[in-house]
Amino acid sequence: MAGSSDGALERIRRTVELSEPLALIFVAGPPFRARAALERIRAVLPADRPALWHRLDQKGGEDLVGAVTRSGLENPIVLVHGLENLNDERRAYVEAVLNVNRDRLREVRAAVIFWIPEGELASFPVRAPDLFHWRAMLVTPSDLEIVPDEMVESTSAYLDYLREEGLGELLKEPLAYLVHEDWNEIAIWLHENIRSAILDVPGSGKTTMMFNLMWFMASGRVGSSVPVLVGAMELSRVDELNLATVTNLRVPEQLRRTPDFVYGLAQKGELVLLCDGLDELPEPQQGRLAMAFERLADQWPRMRILIAGRQGTRVPSGWAVRPLPAWTVDRARTLWGRLLVEDDPSADVDSILAALEHSLTLLTETLPAPRFSVIGYHAWMRTLRRGLTGEMRPVDFLSEPFRYAVPSAFARRVLRRLALGVVFGDAQQVRIREVMQALADESRGETSEEEARRMARVFEDGAMLVSCSPGAYRFWTQSLETFLAARQIAYLLPGGLPLPSPLHPGWVRVRSLVEDLLRDNSAAIGRMRDWLKGVPTG
Amino acid sequence: MALSSETWVKLYKRFDPKLRLAETEEKELYVQRPGATADRILQALPLEEVGKWVVCGSMGSGKSSELVHLANKLWKDHTVIGVDLAASSARVDSLTPPEVLFLLGAAAVVRARRDGHDVSGASLSELSSAFHDLIDPKDRRSQVDVESLIEGVSLFATAMDASAGALAAPAGAFVKALLGGATRHVKEGEPEVEKLVLAVDAVLSDVAARMDPPMLLVDGLDKVTDLATIRALFTTTRLLARPKVPIVYSGPITLMLSTEWHAASAAFKQERLTNVVVARPPKELVDRLELDVAGDKITAGCRAMREVVERRLRYHGVDVDQAFSGDALASIITASGGVLRDLVHLVNRCCALAHAEASKQGGAIVTGQMAADAITEMRKEFEVTLTTNRVDELKHVKQYGEPKGLTEESARLLLSGYVLPYSNGKVWFEPHPVLRGARRDL
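Chains as they are written, first to last, in the numbering used here: chain A, 887 to 1424; chain B, 881 to 1322.
A couple of the hints might just be wrong.
[As the list claims (entries may be wrong)] Only pairs whose alpha carbons sit at most 30 Å apart, straight line, appear in this in silico DSS-like list of lysine-lysine:
1) B:953 - B:1124
2) B:1260 - A:1154
3) B:1278 - B:1260
4) B:953 - A:945
5) B:932 - B:1067
6) B:932 - B:1149
Read the hints as simulated data drawn from the structure, not as lab findings.
Let's have the full structure, built from the sequences with the hints guiding it.
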């Protein structure tokens, strides 16, 4: 640190000058500005000192001292970045290695400038405490001098960008659900309550509402807000909730390369974070996520956040809470009922809806070819595309009608049967004996005790049911979603391979591969194809 | 008279938080803190011929300096084996108890060789074979030559090394790449483990037969942050307490928490290197915990911290009054929370500010405003890393004088210096004082 009234660049320059033989300087900022900002810093440091760029995200990148030593450079300026490109597990590993090898830095004579992605700023000092404690200075993200000026673009430019990149389909309103008059009610409420939650009964249409809100806002017809829709389950898996992790989850890669666009939107209050399904998390995780939202709200005071969950879901204190508007339920029922008829003209929509207790969640899960648009936004789809075509493509599949591989008739019957009232009681639990009876009815056969036990085991192994208490289970929606994802992948694979039923032991293997895909492991596509080729369905 | 920019450069380097006291400077710069840990161990040593101590304290509280100080007091009567585990292993945070044991034996071999002695071939062969037996044969590391592991052991420098003209050798890259989670999971009492314990003792006996009685000072385990690893080293197994020589380990601060403290006390005598009390605890805490922190204790604490600064200034012929005006130094001492390295950090930043001023004006002194700027800068660094969970934990510590429990967040805040321990008969914890002002509720 030098003169506190000086700019950050001048302070860095002075600190490097003073801290020979070893200067450790940490600079925090938006993750995608790492290179540009480090170049700017390099430019103010002595030109006669050689520069060494070091990437922590490359193989062996954690061996910083080794890299400096091997370079043979005398008294270099070492510009270190790459943490922003690592997943949390790998980042934790790299930070731990840097930390325990801190003392080895005594072996080198250098000025080391570390770029810390600002979303990692809370974690870095506790994951690498010894290294951090040696800092000569930390430049915080508020020192905007470090960040090049062109970072904030306009929302209209973003929308143009989407269209130019062929992502215009994202902006199409998929279903006539939300109209301007309806929007007004929500918009006024969102305007008045920058932090808000919609809490309503299960199956009342919260997810449909959130998707439609997203599309409505993304179409650019209502103000300049840009929505980002994420699932609470996904957010619960990230170590530290911040804008960077949200961005990594959801925003297409092309946009992530766009200079700090998302950050600019958040600063200007033009970003709306929509989080669905908070109630799908266990209570402790709900609490943690609620606190993480509070923190996110503190970090980005102008960003709007809307979360959805069932009544009683824990939301951050002080946030505005309301149920769904009354009109949404009828509108959504009509909409999904129409889709049901499209799929099966003989379907008796009224009786099916009655059997489902008018639960829209169940209705969407019962549809054999559901418009599961949510899947289109999963990260695995990008991986899938990359794996199949060898290149990254925008999510252009949204422009086509969804077509799914039809699961085996048995699996389809079971899924439908599960959804049709057997599984979902008030507590969303099911007694396995009733499931077995439903299956017996469906197949018009007898179900022996042994068969029941076998089936129960298969269901549990297939992760379709989660044991709640002895003999009682909760149907796991996420697993169904995995099944639907697997089905689509199987369809898209060369040859349109069929998928084993969730009751077939082979499903467990498929599920594991799909979950690999969800973790962005593209190699799983090949393994899944090979596996499916040899597995009988049924 | 204001100090020149050249003098401020020298002072900036003298207060570099990265630098350890060099062995040659230890005598001039070491300041004995009130209730010195090293002295207590020295006094107990004649009664505890094979005693085992763990010195726990905040990051930057001076644990390593305390070990160096101990070494310098002991070397005339003991063969001091000061081993730096962080520099001797690839992942000190993954070291298993058998690996630590092996490194102790290996360090004794290195110490003996440096002093012109050697351990017997039989002892060395036993050590090698016992360690090999604990590595999974399928692990590529099972092929490693133990002799090369021994060569890579890093001893930390002491006055004895300085007098002998020897320097601590840095660990070889090959060796560093291997140690840390190399041994298979073992339980105490397994024959292979007992074999290693005997082998280490045999090496130490060899050293004792040829040289002064050995004393092991082991630095580096305070860098372990994973709770499971800490427990494996200090509470759930007693392997580290088995060698039949006195050993002092630097240990992680989480061992200070009462549950861990009691669990570890079965095998180790624990020395809390608590931070120097430089301010009266909040009244609420004094009342709740019935703390008796007399004014003279605070005065003594501030005096010790001031002496740290004075000695380093004097090393360059500078008096405190020449470097700091008015209450500038006092405010820095209070803001340091009694953590030595944080004091050094704050003075270092003041030196940078004074250097900038001196470069423009031809001379400068640290003013109250500069001290305030340095404190604000450090506060901002803490502030930007605060999260809701951390604030909750810190509020709890502020209110109750102790962490909520050994949760991951509690441990992280202790390990990274957000929460500081103090003692005065009783042990209590407070949020780092620099956080006051970051948020009203802290």
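| task | Please work out if residue 953 of chain B and residue 1124 of chain B have their alpha carbons no farther apart than 30 Å. | result | Holds, because 21 Å separates the two Cα atoms, which is no more than 30 Å.
| query | Does residue 1260 of chain B lie within 30 Å of residue 1278 of chain B when you go C-alpha to C-alpha? | reply | Answer holds: residue 1278 of chain B to residue 1260 of chain B is near 19 Å, not above 30 Å.
| said: Check the hint pairing residue 1260 of chain B with residue 1154 of chain A against an upper bound of 30 Å on the C-alpha distance. | reply: holds, 23 Å
| Is the straight-line distance between the alpha-carbon of residue 932 of chain B and that of residue 1067 of chain B 30 Å or less? | holds, 21 Å
| query | Does residue 945 of chain A lie within 30 Å of residue 953 of chain B when you go C-alpha to C-alpha? | reply | Violated, at roughly 45 Å.
| said: Against the 30 Å threshold, does the CA-CA distance of residue 932 of chain B and residue 1149 of chain B hold or violate the hint? | reply: Holds, at about 6 Å.
Hint check: a violation occurs at hint 4 only; the rest are consistent with the structure.
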